[in-house]
Amino acid sequence: MTRDAVQVAADVLVIGGGLAGAWAAVAATREGARVVLVDKGHCGTSGVTATAGPGHWWVPPEQREAAVADRLKRSLGLGDPDWMRRILDLTWTSLPSLRGYYDFSTDDRGQVAYRGLRGPEYMRAMRALATDAGVRILDHHPALELLRHGDGSIAGASGLALRGERPWTIRAGAVVLATGGTAFASRLLGSATNTGDGLLMGAEAGADLSGMEFSNYYTPSLAGTNMARSMAYSFARWFDADDRELDIPNGPDVTPHLARALLKGPLFCRLDRVPADIRAVMPQVQPNFVLPFDRLGIDAYRDRFEVTLHAEGTVRGIGGLRVADAECQTAVVGLYAAGDAASRELVTGAISGGGAVNSSWALSSGQWAGAAAARRALASGTRADALAVATGRAGLRPRRTAGTFDTSGAVAAVRVELNAYDKNIFRRGEALDASLERLDGIWRELADHGRAEGRAGLRLREAAALVAAGRWSKAAALTRRESRGMHRREDAQGADPRLAARQRVQGLDRVVTRFEAAPSQAEVA
Amino acid sequence: MIEVVIEERCDGCGTCVDACPSDVLRMGEGGKAVIAAQADCQTCLLCELHCPADALFVWPEIEQPVGITAAQALASGQLGAFRRDSGWGEHAGTFTNQHWRMGAIFERARLMAIELAAAKSARSEEGSTS
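Residue numbers (our numbering), protein chains in the order written: chain A, 1 to 525; chain R, 1 to 130.
It is possible that part of the hints are untrue.
Label pairs and their calculated CB-CB ranges [as the list claims (entries may be wrong)]:
1) E516/A x F106/R: 31 to 37 Å
2) V66/R x D103/A: 46 to 52 Å
3) Q493/A x A37/R: 45 to 51 Å
4) V66/R x V512/A: 43 to 49 Å
5) V66/R x R74/A: 40 to 46 Å
6) R110/R x P61/A: 22 to 28 Å
7) A420/A x S76/R: 55 to 61 Å
8) R260/A x F106/R: 44 to 50 Å
9) A71/R x A280/A: 30 to 36 Å
10) A71/R x D89/A: 53 to 59 Å
11) A223/A x T69/R: 56 to 62 Å
12) G381/A x R110/R: 34 to 40 Å
13) G251/A x T94/R: 48 to 54 Å
14) A456/A x G103/R: 16 to 22 Å
To spell it out: a stretch of chain R is covered by chain A in this simulated footprint if at least three of its residues, at any positions, have a beta carbon under 8 Å from a beta carbon of chain A; those stretches are [said to hold, decoys possible]:
15) 11-23
16) 69-81
17) 110-116
A few chain A residues that don't get close to chain R, going by computed Cβ distances all over 12 Å [unchecked claim]:
18) E31
19) L72
20) A324
21) Q493
These are calculated hints, taken from the structure and not from any lab test.
On a predicted model such as this, the values are computed, not experimentally measured, just so you know.
The beta-carbon is built from N, C-alpha and C at its ideal position, and this holds for glycine as well.
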C-alpha cells in the first residue's frame, strides 16, 4: 500500500451521502452491520436533495392502485407496477420515522405534512439519524475505485481523503453505490460533485446500466445563476429579445418550446402571474429561490429577466446502474446501487420521475440496498485479509505511457456534447454519431495516457466518469431509433411498439447496447 | 460563487469548512475561515445557511468571482438572509418552514394553465366566427 494509507474494515461501505446513501446506511445498521459512509463532500450538504425541496410519491393506501395504474400508463411500457407499489409502501412508513429529526409542519387542516421536506433540513436530519444509528461518516473522502475478490464479488473500495491528500482503503463485505446521477457538468444547482463516479466504478467492476438514453430533462433558471427551482416558473410568461410574448403554455412539455426559443436567441421571463399570497410566502417555502433576485436587484415578480435552461442529465433523467434483483443488487455480487446512481425506469418508465418519484426511489432503493448489503456482509464476512484486486482503469492505470491529459477540456466537451439543446433535446442519428465519435476519441486518450495524483487525480477520474456516462447516453440514444417519453428523435418520430422495452448498455473500451425482452402486453396495456 | 468571509464576524467554529460539499474553505492561520479554492465553489449557498455567525457571502453569479468586498457584503443587507428565511437558529419560530405549501402552489399553477388555455381557445373561436 501507499505510505500513510488509511485502512478501515467494515461490514458495509456506502459510497455517497446524499438522500439514498444516508437511507442505505441507516437501513444497514438496523440489520446489525458496522457501516462506514464515505462522501466526496459532506453528508448533509452533498447531492441534489440538499439544495432542493423534494416532495415524495406520497399516496394513501386506498388511492395507490389508481396512482400505480396512472404512472404505469405514462411509463410508456418501461415501468413495473410491483416496484411502484413497493416504493409507495415504503415511503408511507418511512417518512413518519423522521419525527424528532425533521420538524414536520402541520397543514391548514391540522394534518402533519409528511409529503415534502425542505432539502437542507431533510439532509441535516438524515445525517443526524445516521450518526445516532452508529454510522461512521467520513466526509471529504471521495472514492476512486472498487476492489474485487478473485471470485468477482466486491471487496471494498479505495479513494482519497482530501484533507492531507491521503489515500484510503476500506474493506467491506458489501458496497452500496449511492453516488447520485450526473448532470454532465451543467451548472445545475447542487450537482457539481455528481460526476457519475459510481457509474464508472460500477461498470469497471462488471455492472451494466439501463435507461441511459433518457437524459434530457431541463429546468429553467435566472440566466447567469444556477437557481433551478422550477416552482415559480410554472406561472411564467415567456418573451423574446424584442419583448414579444411567446405562445408557450406551461406544463410538463414546456422544455422543447423553451429550447427552440433559446436556439433562436435570448429568452426572457416574467413571473407577474404568481399570485400575491404565494409571493409573500415564497421565502419560507423555497428560501434559496429568492436570493439571486434579491442580491442582483431584480424584482422577480415585476421585472423581465433573462433565463437559461440547465440540463439535469441523469438526475431528473432516468438512467443508471441496472438493479438485477428486488434488493437493488447490480449484476456484480456484493455491489448494490441506490438513488440516482441506479436506473429509475422500473418506477418512472420513459418519463422523468420529477422530484417526487425520484425521492421515493432514493428512500426505498437506499433502504433495500443497505439492508441487503448488511445481510450479505454478515453472512459472507468482510474477508479483509483476502486478496483483493483494484478495478479502476481510466485515469488510474493508463494503458500506455502516462502523459498529460487535458482534464478541463474533456469536461468542457462533455458539457457541450451532452447538454447543448440542439444535440440533446432535439436528437438526430447523425449528431448522436458525431458526439459519440468525439467522446470515444477523448476516452481513448484518457484511458491510454491519463494519470494524476491527489486532487488532480480526483478531477481526472471525474472527467473519466463524465466521458464514460456520456458515451453510454449517446450510444443508447442512437440505438433507440424512435421517440418515447423524454427521448425525442427528430429523425424517428413516434414510438415503435417493438422498442417498448428497457435498454441495457455496458462496456468501457467498447460500448454495447441491447434491448431487454419486452414486458408482457398485459402489463403495458 | 463564494466572495468573502467577514473576518470580524467569523468566530472560527469551522462549521462552514466541514459543511462545504466542494471543499472550498479552510481554517486560516488566524483561526478564521478562508476561501482556499474559490473556483471549485458551486454556488449552493449552503455555507451561508450553516454559518451561525452570518459571516459568509455568496454572490449568485456562477461563472466567475466578481470581487465583492466585506464592506459591500455588510452594506447589502443580505448577510444571513438565507439562514433567516430558513428559520435556523434564533429565527426558528419567526420564519416558519412553509415548504409544505409546495404541492398546493404547483396545483394552482396547473389550474391557471388550464384556464389560460381555455380562454385562449374561446378567443380563437370568437375570432373565427366573426
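Here is what the structure says about each hint:
For E516/A paired with F106/R, a C-beta distance near 34 Å keeps the hint of 31 to 37 Å intact. In this structure the hint that V66/R and D103/A lie 46 to 52 Å apart at CB is violated, the actual value being about 36 Å. In this structure the supplied range 45 to 51 Å holds for Q493/A paired with A37/R, their Cβ-Cβ distance being about 46 Å. At roughly 47 Å, the beta-carbon separation of V66/R and V512/A lies within the given 43 to 49 Å, and the hint holds.
Against the hinted window of 40 to 46 Å, the Cβ-Cβ separation of V66/R and R74/A comes to about 44 Å, which satisfies the hint. For the pair R110/R and P61/A, the supplied restraint of 22 to 28 Å holds, since their beta-carbon distance comes to about 25 Å. For the pair A420/A and S76/R, the beta carbons lie near 35 Å from each other, so the given range of 55 to 61 Å is not met. Taking the beta carbon of each, R260/A and F106/R are about 24 Å apart, not inside 44 to 50 Å as hinted.
At about 32 Å, the CB distance of A71/R to A280/A agrees with the hint of 30 to 36 Å. Between A71/R and D89/A the beta carbon distance is about 56 Å. The supplied range of 53 to 59 Å therefore holds. For the pair A223/A and T69/R, the beta carbons lie near 25 Å from each other, so the given range of 56 to 62 Å is not met. As the Cβ distance of G381/A to R110/R is approximately 53 Å, the hint placing it in 34 to 40 Å is violated.
For G251/A paired with T94/R, a C-beta distance near 36 Å fails the hint of 48 to 54 Å. For A456/A paired with G103/R, a C-beta distance near 45 Å fails the hint of 16 to 22 Å. For the region 11-23 of chain R, the assignment as covered by chain A holds, since 6 residues bring a beta-carbon within under 8 Å of that chain's beta-carbons and 3 suffice. Check result for the region 69-81 of chain R against chain A: holds, 3 residues qualifying (beta carbon to beta carbon below 8 Å, three or more required).
Note: the region 110-116 of chain R has 4 residues with beta-carbon separation from chain A under 8 Å; the three-residue rule is met and the coverage holds. The beta carbon of E31/A sits about 28 Å from the closest Cβ of chain R, which is more than 12 Å, so the claim that it is off the interface holds. Distance check on L72/A: its Cβ is at least 21 Å (rounded) from any Cβ of chain R, clearing the 12 Å threshold; non-interface status holds. The Cβ of A324/A sits about 30 Å from the closest Cβ of chain R, beyond the 12 Å cut-off, so the non-interface label holds.
With a closest Cβ-Cβ approach of about 24 Å to chain R, Q493/A is found to remain outside the 12 Å limit, as its non-interface label requires.
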